[in-house]
Amino acid sequence: MPLLEASGISKVFGKLTALDGAALTVGENEFHGLIGPNGSGKSTLMKCIAGAEVPTTGKVSFVNTDITAFTPTERARAGMSLKFQITSVLPTLTLYDNILLALQAQSSLLDLVFSRTRRALHDQVMTMLTQFRLADRAFDAAANLSHGQQQWLEIAMALAGKPRLLLLDEPTGGMSLEERRVTGELLQPIKQHCSLVIVEHDLDFIRDICDRLTVLDQGKVLASGTIAEIQANKSVQEIYLRRA
Amino acid sequence: MGGAKQALAEVSEGPDAVTGEVAPAAGEAARPAAAGWKILPIVEGLVLLVALFLPLVLQDYLTVFATRVVILALFAISFDLVWGYAGIMSFGQALFFGAAGYGVALLARDLGVTSILLILPAGALIGLTAALLLGGFLLLGRYPSSVIFVSLGTLTGSYAADRLARGWYYLGGQNGIPSIPPLSLGSIDISEGPVYYYLALGILVVIYLLCRFLVRSQFGLALAGLRENEQRIAFFGYKAQHLKAIIFAIGGTIAGLAGSLYAFHEGFVWPNMLGVVFSTQVVLYVLFGGSGTLIGAVIGTVIIEGVSFWLSDNYRDVWPIILGVLLLLVIMFRPLGLISFVLGERERVGSFGKVPKESR
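Just so you know, the protein sequences line up as chains H and R, in that order.
By the count of our numbering, the first sequence reaches residue 244 at its end, each step adding exactly one.
By the count of our numbering, the second sequence reaches residue 360 at its end, each step adding exactly one.
Simulated from the structure, these hints should not be mistaken for lab results.
Cβ atoms here follow ideal geometry from the backbone N, Cα and C, with glycine treated the same way.
Check before you lean on any hint, since a few could be wrong.
[Said to hold, decoys possible] Simulated coverage check for chain H against chain R, where a stretch passes if three residues somewhere in it have a Cβ under 8 Å from a Cβ of chain R:
#, stretch
1, 66-73
2, 81-94
3, 100-109
[Stated by the list, open to error] Lysine to aspartate or glutamate pairs mimicking EDC-like chemistry, simulated, CA-CA at most 16 Å apart:
#, chain 1, residue 1, chain 2, residue 2
4, R, K239, H, E74
5, R, K354, H, D123
6, H, K234, H, D217
7, R, K354, H, D20
8, H, K59, H, D20
[Claimed, not checked] Simulated coverage check for chain R against chain H, where a stretch passes if three residues somewhere in it have a Cβ under 8 Å from a Cβ of chain H:
#, stretch
9, 180-187
10, 220-229
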């Protein structure tokens, strides 16, 4: 049984059909790349899976549960996490507090009011900051980080709740080559406990870290399979040639 | 614990490979700049000190005025919690203030209840109930409600209550409920003057400290998340709507407490207390002083009320215009309020919960 199974997903915005019966299946501990030309519906599919958009038709199952009607909060509590395309770290808070905010999301109300999980979470905050090479900036405001560092902070925050599935929408957007390489390194270790769906324009990056790919074109799935299968696929080549 | 320290040590060993910046020693990085964070307690201490000695130097009629300001500051804190800390645009905070005022006035008029031990809890309870009802309706949807919906909803609630009070004979119509008897404790009457002043100040200080505890806790961090990016924290798994309803209810409770103190202090209640006038006034107090800081709400109230008092005495005809211009200037050039002249951004946002000592 796959971890995530989205099938027949359509999303219509007024006259625009962003998704037209798209599907995505992701197994346990699988890194799955979602690629396709601009406007092919990658981000919309991510949002439908994460609950930021409600699909017009279709079904999303996660860990054998139909979550199509779940709110983002309920999806997060079921073990799904999303990093938005636009960085949305909380700029006035310190890096430390950004991570703590993500870590304490499921603490009970009384624990929060009396700061009872503060001590236990402190080490986790520092471990995560260290893991994402941000520990030396722990008490800086997140607004002072470089773009790439903000992306890492976001990924760290998205991972804080120990999700079983992480959805990353363009994590390397606006990053330097070196930052991209580091991002790949930062993502590798999470494979032991987490699956990944990643929307990305950088095909080299995708090739380096993903096990499987799904190619979208005009809201439909063009192809899905291993990297080798996709690279050999004629219609995929056509799209990318057409674009080039 | 050990893992974190070890990892920290690794970071401190060399320059950051990516940014090229030299990482400061991890021990220093792990310690917030606590040494520099001292302005807020100083401001709070000074305000308290002045407040404590004020009745000793003021003439009686000014002590009565000062009492009113202290009660309004309590009201301002209730709004600051809801808006300044949680980012809920409540344009109808006076609804809870006035509803409690009317409620306790009726208790006194119809049932002869004036004991402070009953009146204050009753006022708080009325504020809480009203906030739970309105907040439940406005905030507790399955999906987050829009800012417009909440601000118009609260505004409408406050306006409707004002109209209702004006039209309802039982509530005294336009005139409200006059001649409320003094608050009492046993056989002692607590009437306006120094005693009432210190009663109000004591309550303000207690509520202030409780709120300070709350906003500096991990719950306060969740509120900060709510204020800055409600959608984001829902994706972490926060029940954002519940958080909002809770802080809205706490705000309503405090507004109710303030309303009941106000009603007995003034000796009468009137429809404005429920309506848009008071609701906007409290927004101005908080904006002026500095939203998102508790002391800012207090200072804003004191200055606006003080300046209005002085201006209305000296420039009888044009004072509202002068006050309006002053407010505009502050809001345009100091959007974080007067407190931002002395308080830095980092200290305003502050930290949440205590960093365990042994980790520092």
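*Given as covered by chain H, does the stretch 180-187 of chain R meet the bar of three residues or more with CB within less than 8 Å?*
violated (count 0)
_Given coverage of the stretch 220-229 of chain R by chain H, checked by CB-CB distance under 8 Å (3 or more)_ = As far as the stretch 220-229 of chain R goes, the hint holds, because 6 residues have Cβ atoms under 8 Å from chain H.
*CA of H:K234 to CA of H:D217, is that 16 Å or under?*
This hinted pair holds, its Cα atoms lying about 14 Å apart.
*Is the Cα-Cα distance between H:K59 and H:D20 16 Å or less?*
Between H:K59 and H:D20 the Cα gap is close to 13 Å, so the pair holds against 16 Å.
*Verify the coverage statement for the stretch 100-109 of chain H against chain R, using a C-beta to C-beta distance below 8 Å and requiring 3 or more qualifying residues.*
Holds, because 8 residues of the stretch 100-109 of chain H bring their Cβ atoms closer than 8 Å to Cβ atoms of chain R.
*Does H:E74 lie within 16 Å of R:K239 when you go C-alpha to C-alpha?*
holds (9 Å)
_Three-residue Cβ test at 8 Å for the coverage of the stretch 81-94 of chain H by chain R_ = It holds: at least three residues are needed, and the stretch 81-94 of chain H offers 9 whose Cβ sits within less than 8 Å of chain R.
*Is R:K354 close enough to H:D123, meaning Cα to Cα at most 16 Å?*
Given pair R:K354, H:D123 holds - Cα atoms ~13 Å apart, limit 16 Å.
*Does the stretch 66-73 of chain H contain three or more residues whose Cβ lies closer than 8 Å to a Cβ of chain R?*
holds (count 3)
*Pair hint R:K354 and H:D20, alpha-carbon separation not exceeding 16 Å*: violated (51 Å)
The structure shown violates the earlier hints numbered 7 and 9.
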